[in-house]
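Chains A, B and C supply the protein sequences, listed in that same order. Note that our numbering gives residue 100 to position 100 of the first sequence, counting from 1, and the numbers run on in steps of one. To convert a position in the second sequence, counted from 1, into our numbering, add 182. To convert a position in the third sequence, counted from 1, into our numbering, add 537.
Rather than coming from a laboratory, the hints here were simulated on the basis of the structure. Watch out, some of these pointers could steer you wrong.
Claimed, not checked - Covered by chain C, per the in silico footprint, the following chain B stretches (three or more residues, Cβ under 8 Å):
#1 209-223
#2 256-266
#3 391-403
As the list claims (entries may be wrong) - Okay, the calculated bits of chain A under chain B, using three or more residues with CB under 8 Å as the criterion:
#4 28-36
#5 50-62
Claimed, not checked - Sample of chain B residues facing chain A (criterion: CB under 8 Å; computed from the structure):
#6 Gln363
#7 Glu366
#8 Thr451
All residues carry an ideal CB built from backbone N, CA and C; glycine is no exception.
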Amino acid sequence: MEKDFIIAGFGGQGVLLAGEVLANGFMLDNKQVTWYPSYGAEMRGGTVNCTVVCADEEVSAVQKSTADCIVVLNQASFDRFTSHVKKGGTIIVNSSLAKIEKLRNDINYVFAPITDLAQEKLGNIKMSNILALGIVSKVSKIISTQTLEKALENVIPAHRKHLIPKNIEALKLGYEYDLLPV
Amino acid sequence: MAVETITNKKVLMKGNYAIANAAVMSGCQCYFGYPITPQSEIGEFMSGKMQELGRGYVSAESELAAINMVMGACSTGVKAMTSSSSCAVSLMQEALSYACSDELPVVLVSVMRGGPGLGNIYPSQGDYIQSTRGGGNGDYRTLVLAPSTVQECFDLTQKAFYLAHKYKNPTILLADGLLGQMMEPLEFKEYPYPEVDNSSWCLTGAKGRDGRIIRSYAPLADNQCKFLDRLFAKYKLIEENETEWEEQNTKDADILLVSFGSTARNVRTAAKICREKGLKVGTLRPITLFPFPNKRLQELAQSVKKIISVEVNMGQMVDDIRLAVNGKVPVELINKGVGTPPSPEEIVSRIEELI
Amino acid sequence: MATQVFKVPDTFRKDFKYTFCPGCDHGVAIRLVAEVLEELGLQENAIIAAAIGCSVTIYDFLNIDALEAPHGRAIAEATGIKRARPDKFVFTYQGDGDFASIGLAESIHAALRGEKISAICINNTTYGMTGGQLGPTTMLGQVTTTSPTGRNVEYYGYPIKIAEHIALCDGTAFSARVSLDSVANIKKAKQAIKKAFEVQLKGLGFGFVEILSGCPTNWRMTPEQSHEHVRNEMSAIFKPGIYKDITAEIK
Numbered sequence: 001m002e003k004d005f006i007i008a009g010f011g012g013q014g015v016l017l018a019g020e021v022l023a024n025g026f027m028l029d030n031k032q033v034t035w036y037p038s039y040g041a042e043m044r045g046g047t048v049n050c051t052v053v054c055a056d057e058e059v060s061a062v063q064k065s066t067a068d069c070i071v072v073l074n075q076a077s078f079d080r081f082t083s084h085v086k087k088g089g090t091i092i093v094n095s096s097l098a099k100i101e102k103l104r105n106d107i108n109y110v111f112a113p114i115t116d117l118a119q120e121k122l123g124n125i126k127m128s129n130i131l132a133l134g135i136v137s138k139v140s141k142i143i144s145t146q147t148l149e150k151a152l153e154n155v156i157p158a159h160r161k162h163l164i165p166k167n168i169e170a171l172k173l174g175y176e177y178d179l180l181p182v
Numbered sequence: 183m184a185v186e187t188i189t190n191k192k193v194l195m196k197g198n199y200a201i202a203n204a205a206v207m208s209g210c211q212c213y214f215g216y217p218i219t220p221q222s223e224i225g226e227f228m229s230g231k232m233q234e235l236g237r238g239y240v241s242a243e244s245e246l247a248a249i250n251m252v253m254g255a256c257s258t259g260v261k262a263m264t265s266s267s268s269c270a271v272s273l274m275q276e277a278l279s280y281a282c283s284d285e286l287p288v289v290l291v292s293v294m295r296g297g298p299g300l301g302n303i304y305p306s307q308g309d310y311i312q313s314t315r316g317g318g319n320g321d322y323r324t325l326v327l328a329p330s331t332v333q334e335c336f337d338l339t340q341k342a343f344y345l346a347h348k349y350k351n352p353t354i355l356l357a358d359g360l361l362g363q364m365m366e367p368l369e370f371k372e373y374p375y376p377e378v379d380n381s382s383w384c385l386t387g388a389k390g391r392d393g394r395i396i397r398s399y400a401p402l403a404d405n406q407c408k409f410l411d412r413l414f415a416k417y418k419l420i421e422e423n424e425t426e427w428e429e430q431n432t433k434d435a436d437i438l439l440v441s442f443g444s445t446a447r448n449v450r451t452a453a454k455i456c457r458e459k460g461l462k463v464g465t466l467r468p469i470t471l472f473p474f475p476n477k478r479l480q481e482l483a484q485s486v487k488k489i490i491s492v493e494v495n496m497g498q499m500v501d502d503i504r505l506a507v508n509g510k511v512p513v514e515l516i517n518k519g520v521g522t523p524p525s526p527e528e529i530v531s532r533i534e535e536l537i
Numbered sequence: 538m539a540t541q542v543f544k545v546p547d548t549f550r551k552d553f554k555y556t557f558c559p560g561c562d563h564g565v566a567i568r569l570v571a572e573v574l575e576e577l578g579l580q581e582n583a584i585i586a587a588a589i590g591c592s593v594t595i596y597d598f599l600n601i602d603a604l605e606a607p608h609g610r611a612i613a614e615a616t617g618i619k620r621a622r623p624d625k626f627v628f629t630y631q632g633d634g635d636f637a638s639i640g641l642a643e644s645i646h647a648a649l650r651g652e653k654i655s656a657i658c659i660n661n662t663t664y665g666m667t668g669g670q671l672g673p674t675t676m677l678g679q680v681t682t683t684s685p686t687g688r689n690v691e692y693y694g695y696p697i698k699i700a701e702h703i704a705l706c707d708g709t710a711f712s713a714r715v716s717l718d719s720v721a722n723i724k725k726a727k728q729a730i731k732k733a734f735e736v737q738l739k740g741l742g743f744g745f746v747e748i749l750s751g752c753p754t755n756w757r758m759t760p761e762q763s764h765e766h767v768r769n770e771m772s773a774i775f776k777p778g779i780y781k782d783i784t785a786e787i788k
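Bound-form chain A, shown alone:
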């Protein structure tokens, strides 16, 4: 078994951190896992993505041209990564920042207004990334929010531990969000 995930968005949306939480979750589930970032010369802005591969055996290629599940947090990432979803795979789209539009018939679309939800329900758009992981948990059925909660504790540094409850709230909100058929 091998499952590939890509998370993509603007620099500053917490894309790399979300990937790190997801990868930590797989590690806690005793799976083999790798996390690999796109890295460029720019320090701020631009688009950024990371690839998380989880497998039963040692992961071979850490960068993938296609993935089973791709999370796109903005329009640019949606445009770029739609064609990278494997047949039968899923794309999770932040409809707050991307048009609701289905361009392929052979993949599953999940639209959720992730940024708006984070702002309205949590009062902080910075929670968008972790909220998206709640949706990943629900849609992929490969990792539980309980594991992701533990993963958050691994990733969030000691001096920011007070942010963990709010992040757990974000995870649950994502998981419980009633995904509307489009």
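Let chain A serve as the given structure and place chains B and C on it in line with the hints.
Same frame as chain A, but now just chains B and C:
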């Protein structure tokens, strides 16, 4: 996760941080460095950690200064290192030549990026020749260890310190941007090697003895000949004792895929796909690039029909394979100039083209 | 009864051979370094880094631990030694080409970091061992093998005033320029070397002495002429003096 203390549990960590943590846990007393992508996390981690531990750290004014500071520290017998990347490792070649001649246990972590020149910051294996042959003057060799996982980044960093001190010779950990930047679960281990006694040669002040001189200047031709003979006897010993590689499914293999570092990850899967297709493919991964597993390749050249080197460069290790097998068996190349390694599927299709 | 008025410092190697040209000031400079090491009781705790040029042969004279550095990198190696073993007395002995041309970045940055090492730089306005080529301190008008018609500004630019530059660095504890052209000046030179060593021992920062030094062979002069040249020509451009001394400020 940048800062971690010793535990038995696994942590998800970038290769760069694995290297830095391994250095600290190996007892590295001094780190000197100059930032360059894609290895800057190593210096960032060390700047805080070494201060915290009361050890030496300098943000050096250049790579020239950094590696010479390492030589200075090493001359006193302590473990010391620097880390850098490609075009900046070029700046260190003079010092590596000196360190081989001075027989100083310098540890250099080289996290390869694209070249030549400034190139780019993406992964590459283009410094195989730079590491195994060196760009410095004169006859010398550096030990070169090539990890292919984050765990190996950790384990081989510890080993680099040991081998450098055991043989009094510069030792390079040759990683690449992919290994430096990727995260993978890692288990910390205590330094597993014995401490090497340096007291017979290191500089501590001439107390109760004559002053020691560590130098590479041998004004008489005869002296230099004798020195080189001794140096190369040491390299022969290193070849006999320290050559390390990993192989899979070579027993009945018709085709042998040879790759090192991060590329070997994809090659392993490519070989598996080939087997599923009925192709008898085996793999060999040199873990030490110097010393190179020449003997093992010579043995395998008796049974395989073709050897294919898979590299992210324009074909560098392939030369060493050809030298090793000396025409016994055809040696081909599957390569990509720079970037993440070719995917397993791409490697398979190119193998199919070659057979 | 005979009274001993001069002796070879105990810090000298018993089997040393004098290898410098007649009239060269390296011999005097090295003796001063040796005397100061002895007076401060540093012989058994000192480590020297020296690099390429006539200066590197200092370790054939001094019976102390020594590391030979690539050209220009003596300060970097001394930095590494000091960071690894802060309890050791660490110093460099370099030529002007080594200290102020190829190694200028290392020199300035060690001074800026307040690296607790001492550096002695012999300024003889030329690359001595290599055969008298133009160096960073070659004076305007000076004929060398690579400035055959003399150093002119349009073609070669200006020489560097090292002691002044080092004095500008905030981490410098002591910076002085001295000369070896007379007995009085040799005494002053020794005092400056002692000071540059003491600021390290007190942990105050970077200690530096630039020594104006004759190179009669490459200058095509007699030893006497070369000292006159140091006194009259060189000292007019590279003015001897103490350019920074934070111990004076502390008092």
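Now for the hints, and whether the structure bears them out:
no.: 1; hint: 209-223; in the structure: holds (count 3)
no.: 2; hint: 256-266; in the structure: holds (count 5)
no.: 3; hint: 391-403; in the structure: holds (count 8)
no.: 4; hint: 28-36; in the structure: holds (count 5)
no.: 5; hint: 50-62; in the structure: holds (count 5)
no.: 6; hint: Gln363; in the structure: holds, 6 Å
no.: 7; hint: Glu366; in the structure: holds, 5 Å
no.: 8; hint: Thr451; in the structure: holds, 4 Å
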